[in-house]
Amino acid sequence: MATPILTQTVDLVARFPGMVTADERPGYSGFIVNKENLIEVATVVRDEFGFDLLSSLTVVDYIAENKMEVVYHAYKTTGGAGLEFKVQAERVDPIEIPSLTGIWHGAEYQEREGWDLYGVKFTDHPDLRRILMWEGFEGHPLRKDWKEAFYEEEIKPYKSRWPEGKHTFAEDRNPFHDNLNLPKDFDPEKYVVDKEEDLYASLERHTMKDEDGKMKTDSVVVNLGPHHPSTHGVLRVAVTLNGETVMGLKPVMGYLHRNHEKIGERNTFTQIIPYTDRLDYFNSMSNNFGYVTAVEKLMKIQVAERAEYIRVIMAELSRVQNHLIFVGMLINDLGSMFTPAFYVFEERELILDIFEAVSGSRMMCNYYRFGGVVRDVSDDMLQKIKDLVFERLPTKTDEMERLLNENELLVGRLKGTHVLSAEDAINYSVTGPVLRASGVPYDLRRADPYSIYDRFDFDVAVRHNGDMMDNYLIRFDEIRQSLRILEQALKQIPQGPINSQKPNYQVKVPAGEAYGRIEAPKGELGFYIVSNGKGNPYRYHVRAPSFVNLTAIEKMCVGTKIQDFVALLAMLDIVMGELDR
Amino acid sequence: MYGLGIIKGLSVTWKRFWDTYIDDISWAVSGKKRYRTEEGVKHRSSKNAKGIFTVQYPEEQLIVPEEFRFLPILVYDEGADGKKEVRCTSCGICAKACPPQCIWIVRSNDPVTGKPVSTPADFYIDADICMNCGYCAEYCPFDAIKMDHNFDIATTSRSVYNLEKLLKPASYYKEIRPLNYAQEEADRKAKEAAKAAKAQAAAAAPAA
Chain A
1 MATPILTQTV
11 DLVARFPGMV
21 TADERPGYSG
31 FIVNKENLIE
41 VATVVRDEFG
51 FDLLSSLTVV
61 DYIAENKMEV
71 VYHAYKTTGG
81 AGLEFKVQAE
91 RVDPIEIPSL
101 TGIWHGAEYQ
111 EREGWDLYGV
121 KFTDHPDLRR
131 ILMWEGFEGH
141 PLRKDWKEAF
151 YEEEIKPYKS
161 RWPEGKHTFA
171 EDRNPFHDNL
181 NLPKDFDPEK
191 YVVDKEEDLY
201 ASLERHTMKD
211 EDGKMKTDSV
221 VVNLGPHHPS
231 THGVLRVAVT
241 LNGETVMGLK
251 PVMGYLHRNH
261 EKIGERNTFT
271 QIIPYTDRLD
281 YFNSMSNNFG
291 YVTAVEKLMK
301 IQVAERAEYI
311 RVIMAELSRV
321 QNHLIFVGML
331 INDLGSMFTP
341 AFYVFEEREL
351 ILDIFEAVSG
361 SRMMCNYYRF
371 GGVVRDVSDD
381 MLQKIKDLVF
391 ERLPTKTDEM
401 ERLLNENELL
411 VGRLKGTHVL
421 SAEDAINYSV
431 TGPVLRASGV
441 PYDLRRADPY
451 SIYDRFDFDV
461 AVRHNGDMMD
471 NYLIRFDEIR
481 QSLRILEQAL
491 KQIPQGPINS
501 QKPNYQVKVP
511 AGEAYGRIEA
521 PKGELGFYIV
531 SNGKGNPYRY
541 HVRAPSFVNL
551 TAIEKMCVGT
561 KIQDFVALLA
571 MLDIVMGELD
581 R
Chain B
1001 MYGLGIIKGL
1011 SVTWKRFWDT
1021 YIDDISWAVS
1031 GKKRYRTEEG
1041 VKHRSSKNAK
1051 GIFTVQYPEE
1061 QLIVPEEFRF
1071 LPILVYDEGA
1081 DGKKEVRCTS
1091 CGICAKACPP
1101 QCIWIVRSND
1111 PVTGKPVSTP
1121 ADFYIDADIC
1131 MNCGYCAEYC
1141 PFDAIKMDHN
1151 FDIATTSRSV
1161 YNLEKLLKPA
1171 SYYKEIRPLN
1181 YAQEEADRKA
1191 KEAAKAAKAQ
1201 AAAAAPAA
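For the record, the sequence lines run as chains A and B. Using our numbering, the first residue of the first sequence is number 1, and each one after it goes up by one. Using our numbering, the first residue of the second sequence is number 1001, and each one after it goes up by one.
In case anyone wonders, no lab produced these hints; they're calculated from the structure. Any given hint could turn out to be false.
20 Å max Cα-Cα, derived EDC-like pairs, lysine to aspartate or glutamate [stated by the list, open to error]:
(1) A:Lys384 with B:Glu1039
(2) A:Lys384 with B:Glu1066
(3) B:Lys1168 with B:Asp1148
(4) B:Lys1047 with A:Glu356
(5) B:Lys1165 with B:Asp1148
(6) A:Lys491 with A:Asp379
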């Protein structure tokens, strides 16, 4: 049954007098740490207080107070509430804040993101380059004084739409047309990609090792992607190879970057919900869930009882179909094209039919609202879900396992490759099935229960070897546990209203901050939201599991064969909509 | 024995290969058509589906559920003399709720009094920008804007829909969303009845 939440409070102020102050802004919580003492405090937070998992690291630009703030959310993998601490710096370039990569390696990409989008220089970061924007880009787009191409107004709704809304195309609307902010002396006609030395230099530094002088061989730099059938979208990976062995590896991302967070900050709170569908487009239900959980935390509202059950049912169905796709695509990447992938797609079709019937769309569901869900699930539809959950899905899962689990070729490819130890997994902030396959039973549905997950009887799926085979098998374990939750939820679902709030396109969100996180199929999906009491969020940050899980990819790959890399990429279960945001 | 796992897996494929034919034959024997009929398509997307799932688009199409949403339409009621009574009052709520801001509404003023009239002068939806989220239909207080079911709209040009293109009769709306339509009509009748009762009570009160 549910693990009791550890309510032991951590008082950093008492432990570090003079170095730490409590954050007393209304609606805020946590501690503000002096910039000079950050490393010292963070070390104690990890080693003494036991917050071993750095969940999220993000930056907020308080332009009115002329401050840049870095917000850290650390948690314990044994479960319980987290610890939030912040560092503030004057908003005068260069903004320098010590890097925490030495304490939590999971900070690496998130700090790079902070540098890229906010221009915060994390000193002593091993590889501080842009991560989502392109190398020649000028400026830091998430800063409040940066304006995007086709900029219209600070916030939506735009005044030009009503009552005198003469339609214009975006490119005509703007006097600067595409409003590109190009570097000085930049001529697009003559542009050749020459800023990639940084990328290749970062590879060299990590890899060039002396070959004990026996035979001189050069390592080869290979670029996998961005257009490669097995990279699950437009991910590029620069690899240095010694023969077939990977010596160093750096993912290059941002090809699908659209600055989701900036769009979110322009939107009203309600308008963000359909945009979250587009993050991890396989699991729009889970994305909605994470976002509304965060905003409901801020609004301090109760969710209607029936809606809680509907939410859980939809989120778990989403998890089942995500893991089914995962299996299909993994096998696809390993070279067994189509057969297993199409078998799982059949089951997924049936689940998507349900999503379509309740929400109106197969993939972009836009189904959750603050306080509940948008419309009720009819009894017919509940019967359909029951048929699937009680009859079809268990047998089909068995069939998939019979099809694949003992297949010698598959076992040969997966067993013992890309082992990730539990310590490394935690240190690199890896979450979700990948962490659990390494032997850490950390599942937010148990460790920090949200919604009504504390009412269900289920086991946290865990495997202990941390290799690819365990990563593959754990998905089946999770499908079975999800089916268990679904069975209970379908039996217990009460009648009643489906929303505790009145439908409203403009919600009132009190000023403050909230970090809401859920166990998405791919890992911990977190939303950090700062509201200043107006109709739009002041800061909207997505802690995307695909993005953070990728931090460990280099660690897992160095020393292995390049052929296995493709399988690893499938195994990390990344999706570019969420990774690039 | 090495290879046993593969054989075990192949038995699954083998079974599924025959499933399609068995299903086909059993349908043929019972005299029903598995392909190109609504019944057949329904069967292939039910929990009892066996063998091949494929729906042969475009000869066959999946039956879309009522809640399916694809691009908005503006509903008008047909007046007695065939006059289009546009339900939209150009209040602008859809334009404000729209996440990608793809709705433009031109509110018109009465040339004599100068006051705004309720029917919109024009109404644009940039279908290329629309993300089919359904907020406009969800928050419309007049049941005037609804989501369509028609999804084969591929064109080679940009699609900006104006009022004329967006207007659809209430009968069309009733056809694609019968349950929603019935519910809304019932709600409206109840509201009108309540209003009439209230007016009656108000009229009766001073007399008493």
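Now the hints, each set against the structure:
no., hint, verdict
1, A:Lys384 with B:Glu1039, "holds (17 Å)"
2, A:Lys384 with B:Glu1066, "holds (16 Å)"
3, B:Lys1168 with B:Asp1148, "holds (10 Å)"
4, B:Lys1047 with A:Glu356, "holds (16 Å)"
5, B:Lys1165 with B:Asp1148, "holds (12 Å)"
6, A:Lys491 with A:Asp379, "holds (13 Å)"
Comparing the model with each earlier hint shows no violations; every hint is respected.
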